[in-house]
Amino acid sequence: MSALSGYRIVDEPRPTGLAAHVCNPMWVLLASMVAGLWLSAPWFIFNAFAMGSSSRVREALWVVAAPVASLTLLFLLVVARRAELLPSWAVPYCMVVIITTKLGLAYRVFQLQQQGYALHQYFGAPVRNALPLVLVGALLRPKVLGLVDSVIWLVLVG
Amino acid sequence: MDGLGVEILMSRAAMQAAHGDFHGAVRTLKQALSEDPDHAGAHAMLADMLLAQKRLHAARHEARVALQLEPNHPSALSAAARVEMAHKQLDAAAEHLQRLLQLQPQEAVHHRLQAQLCALRRDPAGRRSALEHALTLDPEDEDTLAALADEALDRGDVSAAEQYAQDALSRRPDHQDALVAMGHVLLRRGDLENAREHVIWALRQNPSDVGALHLLASLKARENPLLGLWWRYSTWTNTLGDARQMLVVLGAFVVYRFLDIALGQWEMPRGQELASFCWYAMVAYTWVGPVWFQRMLAKELSDVKLDDDF
Chain C
1 MSALSGYRIV
11 DEPRPTGLAA
21 HVCNPMWVLL
31 ASMVAGLWLS
41 APWFIFNAFA
51 MGSSSRVREA
61 LWVVAAPVAS
71 LTLLFLLVVA
81 RRAELLPSWA
91 VPYCMVVIIT
101 TKLGLAYRVF
111 QLQQQGYALH
121 QYFGAPVRNA
131 LPLVLVGALL
141 RPKVLGLVDS
151 VIWLVLVG
Chain D
1 MDGLGVEILM
11 SRAAMQAAHG
21 DFHGAVRTLK
31 QALSEDPDHA
41 GAHAMLADML
51 LAQKRLHAAR
61 HEARVALQLE
71 PNHPSALSAA
81 ARVEMAHKQL
91 DAAAEHLQRL
101 LQLQPQEAVH
111 HRLQAQLCAL
121 RRDPAGRRSA
131 LEHALTLDPE
141 DEDTLAALAD
151 EALDRGDVSA
161 AEQYAQDALS
171 RRPDHQDALV
181 AMGHVLLRRG
191 DLENAREHVI
201 WALRQNPSDV
211 GALHLLASLK
221 ARENPLLGLW
231 WRYSTWTNTL
241 GDARQMLVVL
251 GAFVVYRFLD
261 IALGQWEMPR
271 GQELASFCWY
281 AMVAYTWVGP
291 VWFQRMLAKE
301 LSDVKLDDDF
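Protein sequence lines, in the order shown, are assigned to chains C and D.
Under our numbering, the residue at position 143 of the first sequence is numbered 143, and the numbers go up by one with no gaps.
Under our numbering, the residue at position 37 of the second sequence is numbered 37, and the numbers go up by one with no gaps.
Quick caveat, the hints were computed from the structure, so don't treat them as lab data.
Just so you know, nobody snuck in bad clues.
Reference excerpt, derived from the structure (chain C facing chain D, CB under 10 Å, subset only): (1) Gly6; (2) Tyr7; (3) Arg8; (4) Val10; (5) Ser54; (6) Pro92; (7) Tyr93; (8) Met95; (9) Val96; (10) Thr100; (11) Gln111.
In this text, all values refer to a predicted model and were calculated from it rather than measured experimentally.
The C-beta atom is built at its ideal place from N, Cα and C for all residues, glycine as well.
All chains should be modelled from the sequences, with the hints used to inform the complete structure.
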């Protein structure tokens, strides 16, 4: 047995004491769609570190990139609008670009985390059903988004 | 344990891999590497096993370690070429393969690898020539015959494919790839029942054989057009790689949202409803499709009985 634990393959997860609370990243991706970044961002990071994914730092960086990218795009949108470079009818299309960027980043984290999750399952570690949390997140979404009356807040956590 | 012990463990791992037990093979190789962490051959073999498990990042790491330990180790070069092909780094793969062919030009297996590289480079002539060269080096090699059958299928020559597959099966009736190739021949001829028998035969020996599972999925898709559509979509997206897959999904979302907004601005509520219906139908279909498909395959595989020596 000692011989088996002697050699470690680089992508093998290093599970922590929180490994029992790991869930399928698909639920987290779903949470990013139906609840928002306020739930999915910390959840993605928690999942990555709890399962000891070999790409956990990279995953965390992609998660952090989502609000940064959203705010940057929002800033550019406001500047373009004030400079009258953008007609009012084009604003909804630009908002779609912001949403798509956030979804794209969430999807990227999901893809990265899926590999670690597959190995987590492969080594027989426990997995939680996260559907209830996704549903609670979806129900809480209006309250969380209504906490601050600001577009920046909406873009940041929505 | 001495060097001989590592060799024994590697033989055991090879046997496990031959029966599709890659999990066991990886465990055995980890044991071997715990005894001798500088064994290039064991690292190379581990790279191949990890590749079979689709653990591409780890496979590349192991292949690189093997090459660092012994830059001219044939197994290390072969594993590195395979790994780079899986990563779609075809120039790097070609470099390793060139060195390998310089070291061992008479090995048919290396020419088969060259044929795989040509296939990825969409060079059918190169692929065929590499396989024919492999066959001249070893005319009795069932693996080469099965690969030639596969190549003939890809260029649409079903008769040639049948001939090669039969040749391989006459030499070894339980040859996995030849059984799968023959299954494809039968599928193309519309003989679904015999094709299914071949695939079940192949899966009885190795239930994790990707080619056999692929053929079984094609058979199920042929039986059910709605699933067939999903299977084709899934096969297509799988060839794209992670980044492009993401672009396809997000691209579809952007098209839907832009259309929805534009139709709203043009005051066309029926059009908006139709666009939304199409979008949600696609989402539901791609969500349910894999689950449905997996269940059908699992049901089919529940009839697969393993050979006694599995």
